[in-house]
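There are 6 protein chains.
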Amino acid sequence: MSDSKKAPAVDQITLAPVVDDLCRGASGTTSTPGGRVTLPSREAVIKIVEDLRAVLFPGYFGTSDLHDESLHYFVGATLARAMRSLEEQIRRGVAFTERHDVDTCSHCFEAAQAVTKSFLGLLPEIRRLVHSDVEAAYEGDPALRSRDEAIFAYPGMFAVTNQRLAHALHVLGVPLIPRIITEYAHTLTGIDIHPGARIGEKLFIDHGTGVVVGETSIIGKNVRIYQGVTLGAKSFPLDEHGNPIKGIDRHPIVEDDVVIYAGATILGRITIGKGSSIGGNVWLMKSVPPGSRVTQAEASEQRFAFGAGI
Amino acid sequence: MSDSKKAPAVDQITLAPVVDDLCRGASGTTSTPGGRVTLPSREAVIKIVEDLRAVLFPGYFGTSDLHDESLHYFVGATLARAMRSLEEQIRRGVAFTERHDVDTCSHCFEAAQAVTKSFLGLLPEIRRLVHSDVEAAYEGDPALRSRDEAIFAYPGMFAVTNQRLAHALHVLGVPLIPRIITEYAHTLTGIDIHPGARIGEKLFIDHGTGVVVGETSIIGKNVRIYQGVTLGAKSFPLDEHGNPIKGIDRHPIVEDDVVIYAGATILGRITIGKGSSIGGNVWLMKSVPPGSRVTQAEASEQRFAFGAGI
Amino acid sequence: MSDSKKAPAVDQITLAPVVDDLCRGASGTTSTPGGRVTLPSREAVIKIVEDLRAVLFPGYFGTSDLHDESLHYFVGATLARAMRSLEEQIRRGVAFTERHDVDTCSHCFEAAQAVTKSFLGLLPEIRRLVHSDVEAAYEGDPALRSRDEAIFAYPGMFAVTNQRLAHALHVLGVPLIPRIITEYAHTLTGIDIHPGARIGEKLFIDHGTGVVVGETSIIGKNVRIYQGVTLGAKSFPLDEHGNPIKGIDRHPIVEDDVVIYAGATILGRITIGKGSSIGGNVWLMKSVPPGSRVTQAEASEQRFAFGAGI
Amino acid sequence: MSDSKKAPAVDQITLAPVVDDLCRGASGTTSTPGGRVTLPSREAVIKIVEDLRAVLFPGYFGTSDLHDESLHYFVGATLARAMRSLEEQIRRGVAFTERHDVDTCSHCFEAAQAVTKSFLGLLPEIRRLVHSDVEAAYEGDPALRSRDEAIFAYPGMFAVTNQRLAHALHVLGVPLIPRIITEYAHTLTGIDIHPGARIGEKLFIDHGTGVVVGETSIIGKNVRIYQGVTLGAKSFPLDEHGNPIKGIDRHPIVEDDVVIYAGATILGRITIGKGSSIGGNVWLMKSVPPGSRVTQAEASEQRFAFGAGI
Amino acid sequence: MSDSKKAPAVDQITLAPVVDDLCRGASGTTSTPGGRVTLPSREAVIKIVEDLRAVLFPGYFGTSDLHDESLHYFVGATLARAMRSLEEQIRRGVAFTERHDVDTCSHCFEAAQAVTKSFLGLLPEIRRLVHSDVEAAYEGDPALRSRDEAIFAYPGMFAVTNQRLAHALHVLGVPLIPRIITEYAHTLTGIDIHPGARIGEKLFIDHGTGVVVGETSIIGKNVRIYQGVTLGAKSFPLDEHGNPIKGIDRHPIVEDDVVIYAGATILGRITIGKGSSIGGNVWLMKSVPPGSRVTQAEASEQRFAFGAGI
Amino acid sequence: MSDSKKAPAVDQITLAPVVDDLCRGASGTTSTPGGRVTLPSREAVIKIVEDLRAVLFPGYFGTSDLHDESLHYFVGATLARAMRSLEEQIRRGVAFTERHDVDTCSHCFEAAQAVTKSFLGLLPEIRRLVHSDVEAAYEGDPALRSRDEAIFAYPGMFAVTNQRLAHALHVLGVPLIPRIITEYAHTLTGIDIHPGARIGEKLFIDHGTGVVVGETSIIGKNVRIYQGVTLGAKSFPLDEHGNPIKGIDRHPIVEDDVVIYAGATILGRITIGKGSSIGGNVWLMKSVPPGSRVTQAEASEQRFAFGAGI
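Protein chains in written order, with this note's numbering: chain A, 1 to 310; chain B, 1 to 310; chain C, 1 to 310; chain D, 1 to 310; chain E, 1 to 310; chain F, 1 to 310.
Among the hints, a few may not be true.
Identical chains share a label here; the pair holds if one copy fits it or two copies do between them.
[Unchecked claim] In silico lysine-lysine, DSS-like type, Cα no more than 27 Å apart, as pairs: (1) 234 to 117; (2) 286 to 221; (3) 274 to 47; (4) 234 to 221; (5) 47 to 221; (6) 274 to 117; (7) 221 to 274; (8) 47 to 117; (9) 234 to 274; (10) 246 to 47; (11) 117 to 286; (12) 47 to 286; (13) 234 to 286; (14) 47 to 234; (15) 234 to 246; (16) 246 to 286.
Derived from the structure by calculation, the hints contain no laboratory data.
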């Protein structure tokens, strides 16, 4: 190798046509508007969620502790910060979705104010629900020795808390942000619950990796779900252009006191009756009455010589 | 939109009652003590684990390389730092769990010292085990071209290494921290192995997303597990208050040389005999003798017109 | 607790033998060479991928927007930076794999230059493919209200984009880095697609957690895959030393217009014929002709008293 | 020290009255308006300045180098980013200064646009000036072995470049931001040049710590200034309320080719004639004609016994 | 340059003796005790100071603004956090200075609690003083167009605020931390005011670089000081070991309404009488009565040929 | 303000000509070569200096403490890391200065190795010197209550330590990096000592802001220097092109036991005889014999009416 100068691999000869190609293509498929476009910030939304977790479980995710009378200050300051940031992010979300200029869209401004105020009012109820989830974990997991551990270490608690926050925003018509909140949990826990799903109190998702709960799912009270469970849709009707028709109820209804074991796949607008138990790895596409017990067909077994592989 | 001042959406009128509500609720469900409460720091625990990984695989996760005689310095400094931090985190964990003031609890202090010293002594054996896991990956994955790649890119290696470290702490009675260590791996890999599981040498988990190995599982030598496999519990007995009775053996025993394919769900204190092979997506709740081959019941097949959906 | 000095738990008496043991072991199993060894940097590779995502979807992951004429500058600068860094990382990857000194290996230098230049030329085609994936998501998910959401929030898009970039590098013979790129997606999405897999246009992976696509898989156009699906290998032949023989075609071929539902496990070099639909949780190890519809055997159902457990 | 719980030092009894006091005071002296007030971000302004430095000296503060044809991309992208951010910060500055709501003030919006466009047009001239400063350093410092070192390591270059950028904004009437830019240099270099100062080409400030150049100073071409030099004001007239009257010319005029040595203090609207040399530690409050040489009065010397102190 | 492996420059042959030498020396000069020694954290102290600045000037350094009723929450939460952290840092400072084990020293614990509580009670008075300093800046600097600019951009404000906080801790007997606070300001502003200096209301330091105010200085009300001014000590008496005797009053007393211009050096326990004005670059070691005007001896001037140098 | 889209202020019409202008100019004045140019990294150099400070003062800037036997590990690991990084940065510095391609320049490689090895050998002597500086501070500052405070809080210690490290590299012929090291101290302390200055043991610089010590200065043992002191050059001879002739001895020689008070300016290759004392604000350009006491001419004093200004 000589000591002379080496040109870098990629110079103008090679770079320019690729840049031109990528830029030309850009105006085709996707479609952001010409003005100032500001997507909601994923980092800001995550910070909001963490702040809300801190006020829902003070002492676990903040710097305060319970009997300290500075608690009011911490909760108040954290909540005020979160609400301000939320209002800003909602404004961005509305402007982006409706292709408005975020700096000048008064409609976006007013919508964000109204929604933020409504969301604030929902927090006490969300708090009640997430604390019921802690109870459900404590009752449902023999490996859990204290409620503390559920609160700060259980992925199911994390994902369900995120979904309950996202659902409130979803119901209020906020675009994009609910999805960012549930995808944040999805990334960290492998639990993917659509913001649209309606979930009763005391939901316990154990382990949770691979759980999918679709947009129009309804889950009753006191339900237990294990890893790899899908509450999904079957095929869906298409419109005249061949695109799926959006917004139809197409996911399961799970009534109170149901347990769904690992890997079960439940598809379509069917109802799992109250108190039923769905076995692992079951593939289920029709309703079952209350108190049902559904299991996979018998596995076949056979002895074979060691080392022969499968 | 007029140029006048706009009040922010959330002001004192709306904020104060929510803050009061959230603070009032705080003293109810959860229960942190009045004094200085310091939870173990997740960030500190993760740093400890990364330092330990660096000394278990010097040259892969540190700045040193093998034939460099500065290796002793690096290993020594990294290990000393990790042990100091671990002692501090254990002290916090004990104080939190037993509701002591971490600054003044001499019992916590002494317990942390004793446990840290014991843990240090276990490291060479842990090192032997994780290196056996590297061999297992090399032998078990045709896509793997060098041991290097297993060490620094395989999620299964990552998760099993974390569990072996967490298990040693679990056996020594350390609270909370083992769980933080395995949940860290769970978040990054989707592999959820409880710190309590007892695992023999040469475990290879391939791909791994969705794998769950429960608290009282026992896994023999030279076992291979694919993604989505559950070694879980069946229903569990409740005490007189309706809470699950903790600490009963309720997860499978997997003997040496077993292979469990993707998505298999194995539940309860059953035994998978030596050399058995469990097929994908099987739902298994009874023991199988050595050399068994278990597969799902035959899938049903039918031709249908293209485009008709399922 | 007396106010006297406390010795830390771990001192020289305990530390030295463990350090010696760990260092002694180091020269055994693993094998980094004596010179300057620099592994590719995971952080640098991730930054490259994010830069490439920004030029593949300008306006979504950068600071520019589409109709802004500064777009050329942004795309050009981002691409130039990414290509420089990629060249450096490839050089490291080659040097590490072939055990050369990265600072003096002219072969590594030249290989990195050649490959980087070739990769650049492939970007327009990659761009075409990932935009076809956006279309597939829009057509395939009723819950998706705009293409925007697919681009910046869908884990399937993320993972498939990463794989398409990694695949191009894999085909060009780049070591280690393709794996880092797909493992990055695996960590964030739970979707594990090997860089070697060959994938046609318009792939849509919905939810995605637990999806595994093996090294020699071939996927046609317009395929839809749900969470927990495995395209895996059956057992594999061993060489005379008991190690698996590398590089044999051992994963499925999925033809155009196939849908594979959640949790299906498809193993071996079989072919899923064009337009087939594979039901959830199916375990499939033989080829099916075009237009097939495969479902799990009927689940067994039975009513039982509420509360009895499973 | 007993093992009992300790209350933290600061509890509600002590905290509440202090908080009340601090909040009560807040509405007195200072005066931010009721709406959304957003100060310009110091971090954003610093980033803008660093981006501008990168385009003024490409190859020294960026990632590009000169003969690379990707230079246009880098300069264009960096400049576009800086201009966008500058426009935003100016908008904030105007809104804050005039007590408008930054989100709804269309005047602020338009002013920021106009000023940013004008500033952009001034950059080539600023570039010419800062490159003349490099030459001045090379000619004026025997310790400097290459122009490179002046560009990236000389505090004088740093401070003068910042002032030239700040001055352009100051002339355009931008509030607050020019001061942030020069204070940034002041913090890092100890050189405090007011944005209002008018400075000709080829200014060289050597070492520079403690240099102060006041608001209405005028500095000609080819001037050399050493550390600790002050170009300041004498006493100033007060208005009827006893406040200083703002905006009067009150700092020195330094003509071309002047050298001012370390620690000289030059006060008031006096003129230092072309080619003069002002000695170190001089205190000067009257004009001197061209070609003057001013030095401090003779120091008095005396021998004294060693060790007696001063 | 051959393609062979190169050994790194520094290997065990060269490294070991240097390490041994450095470690051997370590036990000589300096003297940290054997137990757990934790110095106060500079980062933590800086964070405390920034939090206190935020509550002293709410709306300027926090996220709140004045008329927002969430102000109480922000001030309360910020103050509570700062006091907790301050208590911890004081505990460390006491333990380090007195060579106690920070984890077990109950004396350190109690001292930190008492001091923190006292310090909290001083904050309203400190607040009054720093707001008087803002007024002084506004009255004293014709270049200042609003009080805002003084608060967030004037180095003199920054340094004096830090000193007032440090002084309160100094008076309470806190070791090390006051010095860290003033050195933080020294680093950023070049203004070095010892925590021990006693300073009346309405101090204005303009520009400030190079200002030094010694430990036993006393400064009255309404004093103005320019850059480069020293209030220092003359020679000091030594004890029988030749070490300086600590704690003697040895710095100037500056009475009310004094102005000291740039670069003046005032040494020893002398008094500058009320209303005096000390000219720039003066060297002064004896007291002057009220109303004095002191200036440097006349500078000598002479014309000389241009270009001849000095 | 209408709700319509607003174009950003800076678009292609305005941006393109400025970019072209800036790029065109780039090839003129400055001169980086065409190949891969990598300047030494300021961040890396700072990290090296901090690591060296940690091994020079173990227990103050590291995580270890003195009586801990893990000290050897910490010192060894820190030193090994610093030496590796230093070698890399020197290689970059040589390549940049000599306009070589850093990746292929074997001369740069070998030079960096040789110099790094030599520098390592100088560390014990540097250690001895900086510890002598601690003693000098303790003996010279009545405000200093422990050596600890000098080590971790005194800007003079910081700056002199940096200079002693930089000087060793300067003597070894390393380009650029010594300057980065001293400028780092200059930025943080306002003390600017050229790497070329030769400094004896026990130097104490108190406060230090504004101190300048020129390239060819020689400072003896046990010297004390206060803030604002300059050891500078007078005018310098020019070559036939009008550029200053580099490398001539042009700064003062300060013999042992000299004290130089605040603001003194000492210029030219003069000698301050052993044991002399130079008063504050003196302007001195001729040698003084041993034992001299030099002070500024008498200041003139006069009483004047309060409030009349100066």
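Query raised in the report: Going through the earlier hints one by one, which of them does the structure break, listed in rising order?
Result: 1, 3, 5, 6, 10, 11, 12 and 14
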